[in-house]
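Quick mapping for you: the protein sequence lines, in order, are chains A and B. Count the first sequence with this note's numbering and you get residues -5 to 107, in order. Count the second sequence with this note's numbering and you get residues 5 to 117, in order.
Hints listed in this document are in silico derivations from the structure and should not be mistaken for laboratory results. Just so you know, even glycine gets a beta-carbon here, dropped at the ideal spot from N, CA and C. Watch out, some of these pointers could steer you wrong.
[As the list claims (entries may be wrong)] Here are the simulated distance ranges between beta carbons:
no., chain 1, residue 1, chain 2, residue 2, range
1, B, Leu87, A, Asp53, 26 to 34 Å
2, A, Ser68, B, Pro73, 38 to 46 Å
3, A, Gln8, B, Ser101, 37 to 45 Å
4, B, Gln77, A, Pro73, 22 to 30 Å
5, A, Lys50, B, Ser81, 37 to 45 Å
6, A, Lys50, B, Ser33, 28 to 36 Å
7, A, His70, B, Gly58, 26 to 34 Å
8, A, Gly77, B, Gly100, 40 to 48 Å
9, A, Glu52, B, Arg46, 25 to 33 Å
10, B, Pro22, A, Arg11, 44 to 52 Å
11, B, Val19, A, Asp49, 45 to 53 Å
12, A, Lys(-1), B, Gln17, 26 to 34 Å
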Amino acid sequence: DQQVKQNSPSLSVQEGRISILNCDYTNSMFDYFLWYKKYPAEGPTFLISISSIKDKNEDGRFTVFLNKSAKHLSLHIVPSQPGDSAVYFCAAYSGGGADGLTFGKGTHLIIQP
Amino acid sequence: SQTIHQWPATLVQPVGSPLSLECTVEGTSNPNLYWYRQAAGRGLQLLFYSVGIGQISSEVPQNLSASRPQDRQFILSSKKLLLSDSGFYLCALQRGSSYNEQFFGPGTRLTVL
């Protein structure tokens, strides 16, 4: 049973527009959520995170929104740039311990010129 | 800031051969360390985590094992590789159990033939 779901395997967005990547989770014990960006043959790079006590966190062009009642989070990238083309992983965590992250399968974002 | 090294970067091994992947970290002490695997078409799956020297927790049953002989060294091993062990292996660290973000190394691409 997949506890973190990214239902869009790929997403194509025009350069300069907004990219919105979605993620759903089923485990109500998750209280911390992270987004990672990954290029081929490289390790994931941490982008942004949000605690369950917040509904929004912003860092430059990246904003993560959390809707706890819907068990849904999204990553907004504005404006989208060519270097944003990568696979984006949503991850969730029950904080306060050493447990590993539970990842979604990823969404391949393609920024078109 | 912390740095994660993984060795080797790529590896091609025959079925039934042994495996040893090494992860070393710098810039932090007593981190939590993790091994993840990304198989083709799948997200990242947690394999093992360690909160200290000699302390290993396994998330999924498999023919792999992990060891932590030193504070900043984490090793993934197998006595006999299977075809299904092919994938991209990632080492990650968390600065401590009171932190939430995990940071990933560059990964090792393992192909079992």
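Against the structure, the hints come out as follows:
| no. | hint | in the structure |
| --- | --- | --- |
| 1 | B:Leu87 <-> A:Asp53: 26 to 34 Å | 41 Å, violated |
| 2 | A:Ser68 <-> B:Pro73: 38 to 46 Å | 42 Å, holds |
| 3 | A:Gln8 <-> B:Ser101: 37 to 45 Å | 43 Å, holds |
| 4 | B:Gln77 <-> A:Pro73: 22 to 30 Å | 42 Å, violated |
| 5 | A:Lys50 <-> B:Ser81: 37 to 45 Å | 43 Å, holds |
| 6 | A:Lys50 <-> B:Ser33: 28 to 36 Å | 34 Å, holds |
| 7 | A:His70 <-> B:Gly58: 26 to 34 Å | 43 Å, violated |
| 8 | A:Gly77 <-> B:Gly100: 40 to 48 Å | 32 Å, violated |
| 9 | A:Glu52 <-> B:Arg46: 25 to 33 Å | 31 Å, holds |
| 10 | B:Pro22 <-> A:Arg11: 44 to 52 Å | 50 Å, holds |
| 11 | B:Val19 <-> A:Asp49: 45 to 53 Å | 49 Å, holds |
| 12 | A:Lys(-1) <-> B:Gln17: 26 to 34 Å | 33 Å, holds |
Comparing the model with each earlier hint shows violations of hints 1, 4, 7 and 8; every other hint is respected.
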